[in-house]
Structures are given as structure tokens and as C-alpha cells.
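2 protein chains.
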Amino acid sequence: MQFIILSGGSGKRLWPLSNDVRSKQFLKMLPGEAEEPESMIMRVYRQIMAVAGEAGVTIATGKKQVSAIKNQLGDKVNICVEPDRRDTFPAVCLSAAYLRDEQGASEEEAVVICPVDPYVEPGYFQALGEMAGLAGKGAARLVLMGIEPTYPSEKYGYIIPLSQEPVSGVKTFREKPDLETAREYLRQGALWNGGVFACKLGYLLERARERFGVSDYRSLYEKYEALERISFDYAVVEGEQSICVLRYRGTWKDIGTWNTFAETMERQTLGRVTLNETCENTHVVNELNIPILCMGCKNMVIAASGDGILVSDKEQSSYIKPFVEEMTGQVMYAEKSWGSFTVLDVQEESMTIRVVLKPGNSLHYHSHEHRNEVWTVAEGRGTVVLDGKERKVQPGDVVSMPAGCKHTVYAETQLQLIEVQLGRGISVEDKVKHER
Amino acid sequence: MQFIILSGGSGKRLWPLSNDVRSKQFLKMLPGEAEEPESMIMRVYRQIMAVAGEAGVTIATGKKQVSAIKNQLGDKVNICVEPDRRDTFPAVCLSAAYLRDEQGASEEEAVVICPVDPYVEPGYFQALGEMAGLAGKGAARLVLMGIEPTYPSEKYGYIIPLSQEPVSGVKTFREKPDLETAREYLRQGALWNGGVFACKLGYLLERARERFGVSDYRSLYEKYEALERISFDYAVVEGEQSICVLRYRGTWKDIGTWNTFAETMERQTLGRVTLNETCENTHVVNELNIPILCMGCKNMVIAASGDGILVSDKEQSSYIKPFVEEMTGQVMYAEKSWGSFTVLDVQEESMTIRVVLKPGNSLHYHSHEHRNEVWTVAEGRGTVVLDGKERKVQPGDVVSMPAGCKHTVYAETQLQLIEVQLGRGISVEDKVKHER
Chain A
1 MQFIILSGGS GKRLWPLSND VRSKQFLKML PGEAEEPESM IMRVYRQIMA VAGEAGVTIA
61 TGKKQVSAIK NQLGDKVNIC VEPDRRDTFP AVCLSAAYLR DEQGASEEEA VVICPVDPYV
121 EPGYFQALGE MAGLAGKGAA RLVLMGIEPT YPSEKYGYII PLSQEPVSGV KTFREKPDLE
181 TAREYLRQGA LWNGGVFACK LGYLLERARE RFGVSDYRSL YEKYEALERI SFDYAVVEGE
241 QSICVLRYRG TWKDIGTWNT FAETMERQTL GRVTLNETCE NTHVVNELNI PILCMGCKNM
301 VIAASGDGIL VSDKEQSSYI KPFVEEMTGQ VMYAEKSWGS FTVLDVQEES MTIRVVLKPG
361 NSLHYHSHEH RNEVWTVAEG RGTVVLDGKE RKVQPGDVVS MPAGCKHTVY AETQLQLIEV
421 QLGRGISVED KVKHER
Chain B
1 MQFIILSGGS GKRLWPLSND VRSKQFLKML PGEAEEPESM IMRVYRQIMA VAGEAGVTIA
61 TGKKQVSAIK NQLGDKVNIC VEPDRRDTFP AVCLSAAYLR DEQGASEEEA VVICPVDPYV
121 EPGYFQALGE MAGLAGKGAA RLVLMGIEPT YPSEKYGYII PLSQEPVSGV KTFREKPDLE
181 TAREYLRQGA LWNGGVFACK LGYLLERARE RFGVSDYRSL YEKYEALERI SFDYAVVEGE
241 QSICVLRYRG TWKDIGTWNT FAETMERQTL GRVTLNETCE NTHVVNELNI PILCMGCKNM
301 VIAASGDGIL VSDKEQSSYI KPFVEEMTGQ VMYAEKSWGS FTVLDVQEES MTIRVVLKPG
361 NSLHYHSHEH RNEVWTVAEG RGTVVLDGKE RKVQPGDVVS MPAGCKHTVY AETQLQLIEV
421 QLGRGISVED KVKHER
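Chains as they are written, first to last, in the numbering used here: chain A, 1 to 436; chain B, 1 to 436.
Misleading hints may appear alongside valid ones.
Covered by chain B, according to a simulated footprint, are these stretches of chain A (three or more residues, beta-carbon under 8 Å) [said to hold, decoys possible]:
{"#": "1", "segment": "272-280"}
{"#": "2", "segment": "308-321"}
{"#": "3", "segment": "337-347"}
{"#": "4", "segment": "370-382"}
{"#": "5", "segment": "397-408"}
{"#": "6", "segment": "412-420"}
Rather than coming from a laboratory, the hints here were simulated on the basis of the structure.
Built from N, CA and C at the ideal position, the CB exists for glycine as well.
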């Protein structure tokens, strides 16, 4: 059995904790095992392993997320990197081809495709296993998951089953309706479309060949940027006749907004936060190293990170996206394969950054055309390379790198540098990589 | 005519914008002249000068405020520095002695004593002038200002006048009453005690001699730390028989809490702030360089500085003091006579600070026993002195100061340094000053 987890999106709706380089699925804020908070992607992987320890797991994602996935899941999963973001159908096709051509999976093997972000209980993953079973034995060409609805939502697609049996044929399949239609669907016994699909691997490759003319990994990868942007629902589900639906009635929350995300938090606060006794139903996440004091806050969500501060009524927080799109600020914190960086200060002609390298890691060997840089080693030991010359460094050591100087650093222990960038027009674009 | 302005308090109630080294009276957030926001102390001084340009102004304050006063008012005012904080009566006695012994004022001269923080209109200062006139011609030994009350407040002291005339004798003088008593006072035509007093300079010196045995500046200064902590109201007003009260009916707001302070703000927001269209009656001040997004906030005050973030219901904000007293954090920003510093980052064994020196200024010549420091010059030109040796610096230059190294820097132009402090147990106490 193979799982393809679609890990997309930039997670603007959970600003300021999520941003272009840190998507919501990597925020370690869910109640995990043994007191350690875990991220959505860690949780999904742990839950899959609990019910299907032998299954292969492939994460379909963009380049920007590769470091974060490796940091959180190590080498336990396959990562199928999309060269560009093209919606779910191209991503599924590429992953299917990757499984056959790069991982040697059989076209007869059952595949389950699921999103990374629903917050569910273990029964959900048992249901995924059953869906794979149905697909594997050919109960239908495509198996969907139908969530038993709890209210007439306008946010979800609906599946109208032929019967109320645990597994049923499908009468119709409808995109997001208006409220009145949603009520009518509920009266007809409709189910929410959970965005989960099971089928045989070969089925996906056929669909790829039909629409794109090719189904091998190399070809799909190379022409990926030219592939039509289309969702799996539109490209496949709507045209398929042989569909069955498996009914799921456990916990299922879409934690894509602050309002719903807060409900999954085990504690009301994370980080340095004081709530006075008149606060009610308020959740606060503080990633800054300064305290937050909340007094008389009712039904609010408050979140602070290096990127900004959100203070919102819970219900209003679902409308955050357009506001965040206007805030095209500097990324203030990013997790990298080698460690992390945090922007501490931005001035007109200088920028100060804390760089942390994990032991055994190094930066790319690079130079800048338009800025000078100075490192002060604040913690740890390592080796700096400047224009090919090596030099050991320790706390208190200072390294000056004028514009043009090729440089990198290798961390022996965890290494913390305070980097001051100096010049006019400091930009992330001003970086030339070199071979060593 | 002499004004003594009592500039006390650490302004915890306006946390996080005010702190131990930046009291509320120095926050430049009031609507000033010519679009430039001004602080409480700048506003009071401007308003006094507008009605009494020839008067002397002395500010009674603690050591910590001297730099801020000089930065905001220059050398236009006298500063009488209290060696310790001992409540208003000792402060008034010391200032009176300072005026006679250090400034050569006559004991016959009229003095007006007023707090720094009421938010008032120009008529208030005309009333102060009239009070000085009454005191000068001996209408009574002590002249009070009575504010016409707008509601039965439990927060103020009350003066019950003998008549409803503009100037009247005083029947009784009462401390903060309960609500029912306050209502009764209002029915009797009582006035709020504005905390403003006028008398002759000699009168204050007599009171000092009576209670402390001395009235000369040197003696009072030397035994200041042993003087009884007592307010001017208790020590003088309650025992005085010859009192009259001058009635004032204009704007008078005590802007010591966020709730009242917000009312004086000209704009709803200061700094990088976005309010969505569902916010109501909400004021936001953001001194951080990251954006704040507010959605659906009603009747709130939100304030962010390097010291912390307050998110409060307006009414609740009056109860902030005990919470702030518990937050004994690092001071993250301070205005100094030579410029300012901002703490950018605090780690276990390092701290990163942005230091800005104004042109022509320098730090004390000093050294540290337990920490090394590194400066990276981010902006400007100056001269560094290390163990007696001078060296010119410019942007990109790096200066390393191991523990024990005596150092200072002189700013030729505005100079910005990124300072990294390194060591275990970094503390503001670890500083030895030296002569150059």
C-alpha cells in the first residue's frame, strides 16, 4: 500500500506563524505523544504508521518545503518534489510516476491520496486502509471518503451516496454549494468530500497519459511547468463512472484557519503569555522573546512571531488571507536544512541576523556582490572558509567578508553567528554560489 | 513666578511603552504643534511658556529621568534631582531649597507646584497664573485648584468650598471617598483636588524646617534618603487653615491609564498597524518593526514595544499594574543622554544590542569584568578608544573588546553599532567606569 500526502499551500491563513517558507503543516503546536508538541505532518505520518506500518509514504510538495520535511521526518518518507505548483492533478500524476519509475512500485498496487492538514482521530487512517483494500480488490476504479456532515457547510464539496451503507455507490458529486442547497443535500443524506482518494497506481498513470500524453516520471517532471493547473476532483472524479464511497463518522477538522486551529491546541497559551482572569475563550501563541499580557480578551486568537502580530476575534480570523497578501514583508524566520535564521534588525543600510547551524552542517559556499558581511561567533566551534582559506573559529571570534569574498562556515558543534550585513539595497537575490 | 513640575513615577500603567527608564511623561504620542507628536512633559512646558513666558520652570525628578528631560527640553528648564524617591512632600521641599539656594529665588516669590501628567487645555495654565497671583498677594497662605467634577469619582480627593465663587475659602478637604460619599460631595458642590498648589517660596521652606529640622538645599539633599515618605497633601494641606481654592472648569484628564491615554491620541494607530473594517473603538501603538494586524477588535487597546505586548479591553487596562510588577524583564529599549540602545536578541551566553550615538556624543570610558564585546559599525563615523589607543572607524569596521579592555567610542556623525556581548551571566551590573 502506498500513501501520497499532498503537502501544498503557503498557509497564509495561519499568519504570522506560517509564511512562504514555513507552511502551517510544519508548526509544532499540536498535542503530540510524550508531551512533545508535534506538527500536522508529524501527526499524519505517526497516525499512518500506527495503522499501516508497512506502507510506503510519499510526500508531494514544492522545493521550499523539502528542508522542513527532512528536519521533521528524517529520511523515513519519500519526497516527490514538484518543480512548480500546478494544483493537485499534476502533483498526483508526478507522484504516481515517481512511485513506479523511481521507487519500483507496481501498477497494481493500491494508492491512497490524502491532504496533509485534516485533524483526525486514528479511525480515519483505518478508513484509509479500508479504502486501499476496496481499490486493490477492484470494488470500483476510484474510492472516495465521505465524511458524515455535522452542519450544512458551504466550504466543502458533497457526495450523494446511493445508499446509507458503510460502502456505497455514488449518485452525484457536487462542488461547494450555497447554504440552501447544502441543507437540501443534508436532507438527501449527502456526505462531505474529504479530499481523499484511493485507486490502483496504474489508474493514475492512465489518467496522466490521457490528459498530458505521457506518464513517465522524467517526461512529466520536465514538462511540469507547462502542465495544466487543474484539481484532481475536476480532472478525474467528476468524469469517473466507477466510484464508490466509504463513510467516515469520526472527528474530522479542517485546521486551516486560526479559529479551528485554536480548537486543537492542548493549552490556551504557548510561549511567554499572561492571561488575566477576565479573559475568555482566548488562545495565544507567542514565539517572540518578549511577554504578551492579555486583559479582558474574549473569543480571541493572538499570535506573534518574527513576521508580525495578529490580534483577532476568532470568527473574524477566517478572513485573514487578503490582509496577509498585502503584507509582502521580509521573511523574519526560516528553518533550513542546515539550521535556521532569524532577522533581528533591519535598518536602511544594514541588517542583523542570527544564524544557527546544526552540528555537521555548512552553508553553501557563496559571495555577495553588493554587501559586506561581518560574523561574530556567539556560540559553538567551527571552520570558516574565506576565498579558499580555512580558519577555526570559537565564541568571540570575528570574521569580516567584504563584497566579492567567497565564504562559508562548517559547524563542528551547534554554531551561532550574529551576522551584520552592510550596504545599500541589501537583497536575498544578491548571492552567487560557488563550487569548493 | 516659579513652576515646580513633579515628574515622578515609573509609569507601569502604560506598559509596555513606559518602563523603569522611560516614564509615561516622555512618550511622544500626544498631538503636538506642526504635526510633530509631543510628550506630556513637552506639552506641559509648551503650555506654561504660552501663558507665562518669563516664569522659571524647575522639574523635580529622579536620576533616571535626567537624560530624557534634557533630550526633550534641552537646557531650558532647571532640574532638581532627588537622590531617592520619597513621595511629594520631600520632593517639594528639596525643590524649594534648590530654588532659593542654587537659583537665588526670593522667599517672597510665588511658586506653583503641579504634576506632569494631566492632559489639559491652555485655560488651565492661565488658572495656574491666577493662583500664583493670589499666593503672591497673600490672599491665603496656600492656594489650591478645584476642578469642577464631571462624575462622582472614587479616584480623586475632594475640596468642599465655602462658596460657588471663582475663588473661595475651603470648608473641608477629603481624601478619595467611596461612591456614595462622592455623590454626596457632588450634591454639596465639592470640587476635585487637582494636585496643584500655589504659595510663597518661604512658606514651603518653613514647612520643611518644621518637619525635617532643616531647609537648606545641601542639608536636605544629604539626608534625603532618610526623610519621611509623605505626600504634600498629608504633610501640608490637611493641617493648613489659611487655604483658598480657585475653580477650573475646562478639560482635565488624568492620562495615567491606557483607557484615558487612548482618548488623547489624535489617530487610532501609531506605527505599522492594519485594522480591518470590523474593528471598533480600538487604539493601537506599535513601536516594533513588524506589522500588527487587528481583526474584529472592539473597545481594545493594543501596544507593542521591545519590552512586551499588551492586548487589553480598554476598561480592563486600568488594572494592569500588578501584572506589570511581576514582569521583571530586561529593559529592551532606553533613551540615554548620548543616544539610545535597543536589545535585539538575548541568548544564554550572548546578547545583541543596537547602540545609536548622537553626533558629538560618546559613551563613558568603561570595561567589563566578565564579558567580551564586539562592535560592528553599521552606520556613521567616529573614534574608538581601546586601552588608551585611538582608532577611527567607519561602516563595516569591527572592534573586539575582551573582558578587562577599557573602551569607549566618540561619534563624529550619528553612529550606529551592533554590539554582541559574550559570556556567562551577562549583567548591567558588570561595568567599571574609568577616567580618561
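When the hints from earlier in the document are held up against this structure, which numbers fail?
Hints that this structure does not satisfy do not exist here, as all of them hold.
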